[in-house]
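Protein sequences, first through last, are from chains R and H.
Take the first sequence: its letters are residues 1 to 324, numbered as in our numbering.
Take the second sequence: its letters are residues 1001 to 1372, numbered as in our numbering.
These aren't lab readings, by the way, just hints derived from the structure by calculation.
Heads up, a few of these hints could be off.
[Said to hold, decoys possible] Just the calculated beta-carbon pair ranges, DEER-fashion: (1) R:His154 with H:Arg1278: 22 to 30 Å; (2) R:Arg35 with H:Ala1023: 34 to 42 Å; (3) H:Gln1282 with R:His154: 15 to 23 Å; (4) H:Phe1160 with R:Arg62: 23 to 31 Å; (5) R:Gly270 with H:Val1161: 55 to 63 Å; (6) R:Pro108 with H:Trp1225: 46 to 54 Å; (7) R:His154 with H:Ala1236: 41 to 49 Å; (8) H:Arg1179 with R:His293: 48 to 56 Å; (9) R:Pro108 with H:Arg1179: 28 to 36 Å; (10) H:Ala1023 with R:Arg85: 45 to 53 Å.
[Unchecked claim] A partial selection of chain H residues facing chain R, derived with a Cβ cut-off under 7 Å: (11) Ala1014; (12) Asp1018; (13) Arg1134; (14) Tyr1173; (15) Tyr1266; (16) Ala1272; (17) Tyr1284; (18) Arg1287; (19) Pro1288; (20) Pro1292; (21) Val1360; (22) Asp1362; (23) Pro1363.
Positions of the beta carbon are idealized from the N, C-alpha and C atoms, including for glycine.
Single-letter residue listing:
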Amino acid sequence: MTEIPLLEIKDLRLSYATERGPVWAVDGVSLELRRGEALVVLGESGCGKSSLAKTLLRILPRNARPPGGQVWLEGVNVLAFPEERFRREVRWLRMSLVMQAAMNALNPVIRVGEQVAEPLLIHRGWSKSRALKRAAEVFVEVGIAPAFLSRYPHELSGGMRQRAVLAMALIAEPDLVILDEPTSALDVLTQASIMNVLKRIKRERGTSFVLITHDVATSSELADRVALMYAGQVVEEASATTFFRQPAHPYSRLLMAAVPRLHQREKPVGIAGRPPSLLDPPPGCRFAARCPHNSPACAQDPEVIELADRHRVRCWLPVGGGVP
Amino acid sequence: MMLETGADLNRDRAWMRDLRRLALFVGKRLVALVVTVLVGVYLTILIANMGGKVDELRLVQIKTAAAEQIRADPAFHDLPSAEREALMQAQVQLEVDRLRLDEPFIWRSFDYLYQAMRLDLGRAEEMHSDAGSRQVYNIIVERLPATLLLFGTANLLVFFVSVYAALGLSRRYGSKLDRAVIGLAPTSAAPAWFYGIFLILLLAFVVPLFPAGGMVAVPPPDDPWAYAASVLKHLALPVTAMFVAQIFISIYSWRTFFLIHASEDYVEMARAKGLPDRLIEQRYILRPTLSPIVTSFLLMLIGLWSGAIILEQVFNWPGLGTLLFEAIGHRDTPVIIGSVVIFAYLLAATVFLLDFIYAVLDPRVRIEGGRQ
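I would like the entire structure built from these sequences, with the hints used as guidance.
Printed below as a string of structure tokens:
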């Protein structure tokens, strides 16, 4: 199939300048996502997954260096766009974001409705009343009463705020919504209901999602595809079924073994050790120090191997004798 | 259609609710402030009168004055001493009645409070206004415009220049200009009058461009335009001194303030939404931080009263600072107390204004007023 992917990330690199040298938070990440798919980017804290989200929307902090690599959005490398063109053409119209700390993602002194409707005013030039009417519709879609449009953020509960932020991300009907830990600050029931909203929107609107999370259980609900990140790199990229049933990378397998399951006899097993510092990552495979299959070959940087169609893994193991 | 009317109704209701909360909040704050001023002024009265002890001193003073007056008057020289004594007693009684010194102090203290609150500040002991009035109120009010003109001009200038410069600098974080301003911040360690002395030396004596002191040329020009021009010329040096003394530290602190608030999550969100930079600055940086900005602005206005004494002395500026300096020199208690009362009023009015502005600017403040 020669379908042009909606999003294609090629060798994306991002570093932060620190006093002790550059920290490579995103180090050669390549990913692809087709229209209507949901890609879950899994990874533990500090593996660079939030940096990836910020690089995609180009909202990097001051100490970040200009990113390297390419971000293709339906065949156009938007990373090469000048800032103003990127702002006008890509932000929110093509790609929107639900932030990690949704509690503070809303301006405390502006009514929720105005903030949710704002992208339509700015990017589409709609009138305020028309945009607010649209905001009311999206509010219903994500499960908040439109009456809350005229409230201030502090008058909403945490779950409602998160829904409002979600409504804001959906209002301009972007092709791609990036969700950075959208439910990590919420209770389990609210998490579940927000995941249900996302599933419904994906089904009804055909919106594509990039869901960034450390929560394996929650992510499995929405995922079509999974990319697992470790120390700034993608170590495995596969369809959700393959990833959750037959992961190829040792880290993926250990991670799956660490997830507690219902009706499971064995205790979940932790992964010993800690991820390497991104300031000065060790040569070769970054997971080698924690890997049960560590071999001399791991001192060399592992190649990315395509095991099957759209199933890639960054490991020497499948080459030397296949999956043990 | 249903949706539209519903939304409109909702918006109207939200406005009404906000207005009600605002009124309730402001009302409560007003009551609290009136009580605060009452307590503050009453305490000042108690302290200034040493809880009534001053009355005894005053009685002695009255007796001495009456005795002195009768002894000094040649018309009474021939009177027998008993009659002179009676005359003196009558004179003392007259004063005691006038000041109601025979009544308990606690009663009179409430009268004093009532008078003070009505700004009936009494007569000065030594000083008088330029127009010749002995009324403390007139003396103070006469000086108020001069102080307001000088400090108002300087503070507005410092405030707006520094906030806008800081906003610009926070955008150019780490640039050469940014570092230069940070490097210059310690210049604010020296007070305004210190720069004032140098400015007078350089620009009034070495190169006589500006007058060395005063508020207007002597004699004052009759033509209003010429008068204004003369005031402006006299204003230049003290305003420059205050500006130089405050501007860099002010820019520096505002710059840091904006940098902190520019990294709020909702600012990042606004950037992700693709809003233009100017809009982000206005709606997402300036607006949420307006309350602290306004606070520091108004507190700066109040705070500079204390610095005014020396600066006004250096520039011979006929303001409240000079007045207080003179009043302390003359030990003119009513003028000193009067200044305190007026200051209390200004402070309370400022705080009230602040509360009101807070509630308008920040919806979170109103909640507290609305909660019973």
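Verification of the supplied hints:
For the pair histidine 154 of chain R and arginine 1278 of chain H, the beta carbons lie near 26 Å from each other, so the given range of 22 to 30 Å is met. A hinted range of 34 to 42 Å is violated for the C-beta pair arginine 35 of chain R and alanine 1023 of chain H, which are about 54 Å apart. Judged by the Cβ atoms, the range 15 to 23 Å given for glutamine 1282 of chain H and histidine 154 of chain R holds: they are separated by roughly 21 Å. Checking the proposed 23 to 31 Å range against phenylalanine 1160 of chain H and arginine 62 of chain R shows it holds: the Cβ atoms sit about 26 Å from each other.
In this structure the hint that glycine 270 of chain R and valine 1161 of chain H lie 55 to 63 Å apart at CB holds, the actual value being about 58 Å. Checked against the hint of 46 to 54 Å, the pair proline 108 of chain R and tryptophan 1225 of chain H passes, with Cβ atoms roughly 49 Å apart. Under the hint 41 to 49 Å, the C-beta atoms of histidine 154 of chain R and alanine 1236 of chain H, about 47 Å apart, fit the expected range. Range check, arginine 1179 of chain H to histidine 293 of chain R: Cβ separation about 52 Å, and the 48 to 56 Å hint holds.
The hinted window of 28 to 36 Å between proline 108 of chain R and arginine 1179 of chain H holds, with their beta carbons roughly 32 Å apart. Between alanine 1023 of chain H and arginine 85 of chain R, the C-beta spacing of about 48 Å keeps the proposed range 45 to 53 Å intact. A hinted interface residue such as alanine 1014 of chain H counts as satisfied when its beta carbon comes closer than 7 Å to some beta carbon of chain R; here the least separation is about 4 Å, so the hint holds. Residue-level restraint check for aspartate 1018 of chain H is violated (minimum Cβ-Cβ distance to chain R is 9 Å; threshold 7 Å).
Annotation: arginine 1134 of chain H was flagged as interfacial toward chain R, and the flag is violated, the nearest CB pair being 51 Å apart, outside 7 Å. Taken as an interface hint, tyrosine 1173 of chain H checks out: its beta carbon lies about 6 Å from the nearest beta carbon of chain R, inside 7 Å. Here the hint on tyrosine 1266 of chain H is kept, as its CB sits about 5 Å from the closest CB of chain R, short of 7 Å. Nearest Cβ of chain R to the Cβ of alanine 1272 of chain H: about 5 Å, under the 7 Å cut. The hint holds.
Hint status for tyrosine 1284 of chain H: holds, given a least beta-carbon distance of 6 Å to chain R, under 7 Å. Interface restraint check: arginine 1287 of chain H against chain R, minimum CB-CB distance 6 Å, threshold 7 Å, status holds. The beta carbon of proline 1288 of chain H is positioned within 7 Å of a beta carbon in chain R (closest approach about 5 Å), and the interface hint is therefore held. At a threshold of 7 Å, the smallest CB-CB gap from proline 1292 of chain H to chain R is about 12 Å, leaving the interface hint violated.
Because the beta carbon of valine 1360 of chain H sits about 10 Å from the nearest beta carbon in chain R, more than 7 Å, this interface hint is broken. Here the hint on aspartate 1362 of chain H is kept, as its CB sits about 6 Å from the closest CB of chain R, short of 7 Å. The closest approach between the C-beta of proline 1363 of chain H and any C-beta of chain R is roughly 4 Å, which is under the 7 Å cut-off, so the hint is satisfied.
Taken one by one, the earlier hints fail for this structure at numbers 2, 12, 13, 20 and 21, listed in ascending order.
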